[in-house]
Amino acid sequence: MTQDDDRLPGHRTGTEPHGDRTPASLVGASPGTAFPITFDERELTALPGQSIAAALWSAGILAWRSTRVGGRPRGAFCGIGQCYDCLATVNGRPNRRACLVTARPGDAVTTQEGDGHAGLDA
Amino acid sequence: MVGAACAYYAARSGLHVTVIDRGPVAGGTTGAGEGNLLVSDKEPGPELELALLSARLWRELAAELPSCIEYERKGGLVVASTEAGMSTLRDFAAGQGRAGVEAVEVPPDRLTDLEPHLAPGLAGGFHYPQDAQVQPALAAAHLLRAAADTGPGRLTLRLGEEVTAVLTGAGGEVRGVRTRAGDSQAPYVVNATGTWGGRFARMAGVELPVLPRRGFVLVTEPLPRVVRHKVYSADYVADVASGSAALQTSAVVEGTPAGPVLIGASRERVGFDRTLSVEVLRRLAAQATRLFPVLAEVRAIRAYAGFRPYLPDHLPAIGPDPRVPGLLHACGHEGAGIGLAPATGLLIAAMVTGRETPIEAGPFAPARFLREEAASLREGAAPSP
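Protein sequence lines, in the order shown, are assigned to chains A and B.
If you're matching positions, the first sequence starts at 1 in our numbering and goes up one per residue.
If you're matching positions, the second sequence starts at 123 in our numbering and goes up one per residue.
It should be emphasised that the hints constitute simulated quantities derived from the structure, not laboratory data.
Ideal Cβ positions, reconstructed from N, Cα and C, are used throughout, including at glycine.
Do not rely on the hints blindly, as some may be mistaken.
What the hints assert, rightly or not - So these bits of chain A aren't anywhere near chain B, every CB distance computed over 10 Å:
(1) C83
(2) A108
(3) A118
As the list claims (entries may be wrong) - Only some residues are given here: those of chain A computed to face chain B with a beta carbon under 10 Å:
(4) R68
(5) P94
(6) G119
(7) L120
(8) A122
If we strip away everything but chain B, and leave its shape as in the complex, we get:
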């Protein structure tokens, strides 16, 4: 999705773009998520700024792209089971409010107005009307189509081609990429390979510490509108922010226009291991039915797994790599890549065309990992792989 958004905004800026993907459109992490466009789970800071800009851009895109991308401004509902949890949410929402996030406190007796099937006994929640959702695979495909529609020859799509080398010139600057089908010449190469961003960077001779953080989604049989919002427990925010490699699960439940309810979210760092974990699915199901007891009566029909591109400081890498002129990174968005894609694409397009970025891009600069590398070298430690 990030790659599609980079292509779209670059093409709209008048550039000619070639999108190369080793798989089909949305064959990686894009197709393995829920399509969340969230501001509710982000604390004030650069990522929230990126999310707020993206939320605005998604509204524009929704008006431009066909309705089959299933863009829904459904809103998020974060619930707490204890008064202590509620008080944490209150502080979190107050900070977000100062940063431009709309958050409305929902007392316990009003929760069922928003979600009739929610379990009784919760301490309350916060409603985030800016949270939205898209069908990510369709959104990525239509974004590419819209990029192609910006002008004849503006977009070249090369699917099923894996990049085998990054081509460089005499001064070390990028000249394009090589695939088995041939070379593609370009003065700028954008690394939008998501979870595989570290591997791609290595082909250009540089390190970028992107790691996979696995997640499962449990899918129910098709249902009517049982769940109206994206509903999740307050623990989710802490899980997202955690740096632990161990398994974390917190209930995240939402309906889809197609009918099935999607149940997440798990996080664990186990490399690129796709093995189905019954333990994870059991925990997801148990947490979801605690939030929505009605789900105990319906069946889960399948599950899927994906790998979030995790960077150690939980911020994406967006911008030029100072070590390789012409190479830009646009990866490492962890579980927020669909939501953050448009703003990322807009930033990349502005950087490539030498225009001013709509928001301060400094915090996302890939150069920050260089400084860390240098610091750890000074301390006598080896740079982390």
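Excised from the complex, chain A in its bound form:
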């Protein structure tokens, strides 16, 4: 494969290394219709097949959980379901791995505080 082969239609040959050189543009794919999801009541868009972590990243959101002990911010780390850093509360259910859960229309993602089960405290 030569350098020219991945210069697909729409690809800008500028000085910036990124531009719109996205996975979708590289393979010439056109995703289905975007749909709305929410993060802490803020409306975002997600694409069919996109993980919740990818949708949040696309919107510039990097943290969606605070740790149990220190309350420090956490988001996606490994991105492949192994590290459990990206836990989020999705539709009221805590401890969902945002990097593995596929976004669906109307999903309500909320920042998970600690273990996400504060309501169960006896």
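Place chain B on chain A using the hints.
Quick look at chain B alone, frame taken from chain A:
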């Protein structure tokens, strides 16, 4: 844990101790339990005496060891689902009360004062304020550190070394043990190898009928304080006392300072088979959610298994083996080894230094298995393996 406690009390008595473990600290049954320090599940008798002495010693240790051992005097709550079960509990608790156990009857309408998430419709329960819990792996490690701190050179720790032989002298008395890394000379050898106590005894040329009794613990995702006490159903006491090899499960539920709720308890004698049993986990989960319906909404994230060192009469073997001078056993505590460890260590240290034991140690004497062996030989039967 029993080995660590023996080392600690022996070092405190001024002895030099070498601890040899084929694995890491708490790599066997210690690391596979829940760290229960219970008096509530024991009927009056020698084991309860040992447990009460241990409960007192654990309180002292908790003041001495760092707080990260997670010692909690959380108390136990035993619940009955029927009036008949409640009446059995009442008799059991009355006997325990005469032996020095604090047990307070909790009527059904007061159960949720102690445990807000407990299922409705239970017949009542008993609260045992003396029951406590530790994080067993951390407690064992810090007990060893405290043993080392009793004086320079007092404790030698040899981890990852398996004993391959028990060394004996001309008169059959022990002289130490051998590992691949070399010999360790000692006039006394304590067999604190837990579930593998029978195997170790055989290296010294004697039989000790320790058998593995497998148990699983189901672990939930981290939660806030959903369960405050160690809560278990009245059936648990009967399961512990049973000698059956078949699978028994009864709900035992408790929280931990780290967040996860631990769910036990299963008992079955299947040798050293570590295969995960989905059936056991299913029963544990079902029984726990019957006791705490709220647990049906949370996820179990893992499970672990361990082997309790089971002796046929449910009493540990603590004391000298009359067949091999210098060999002492400190094993066979079944599921109570963490709780009974300090008293065991104190007894062993007293025996080795020739001091009087704080409680009557006769019922734990390993010599009792000799008598059984001799009796079965007289009857013409072969000694059980």
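Against the structure, the hints come out as follows:
Its beta-carbon lying about 14 Å from the closest one in chain B, C83/A satisfies the requirement of being farther than 10 Å from that chain. Consistency note on A108/A: stated as away from chain B, and its beta-carbon is indeed over 10 Å from all of that chain's, at 18 Å minimum. Distance check for A118/A against chain B: the nearest CB is about 6 Å away, which does not clear 10 Å, and the non-interface claim fails. Residue-level restraint check for R68/A holds (minimum Cβ-Cβ distance to chain B is 6 Å; threshold 10 Å).
A cut of 10 Å between beta carbons decides the hint on P94/A: the least distance to chain B is about 8 Å, and the hint holds. Satisfaction of the interface hint for G119/A is found here, the shortest Cβ-Cβ separation to chain B being roughly 8 Å, below the 10 Å cut-off. Below 10 Å, beta-carbon pairs count as interface contacts, and L120/A has one with chain B at about 5 Å; its hint therefore holds. Hint status for A122/A: holds, given a least beta-carbon distance of 4 Å to chain B, under 10 Å.
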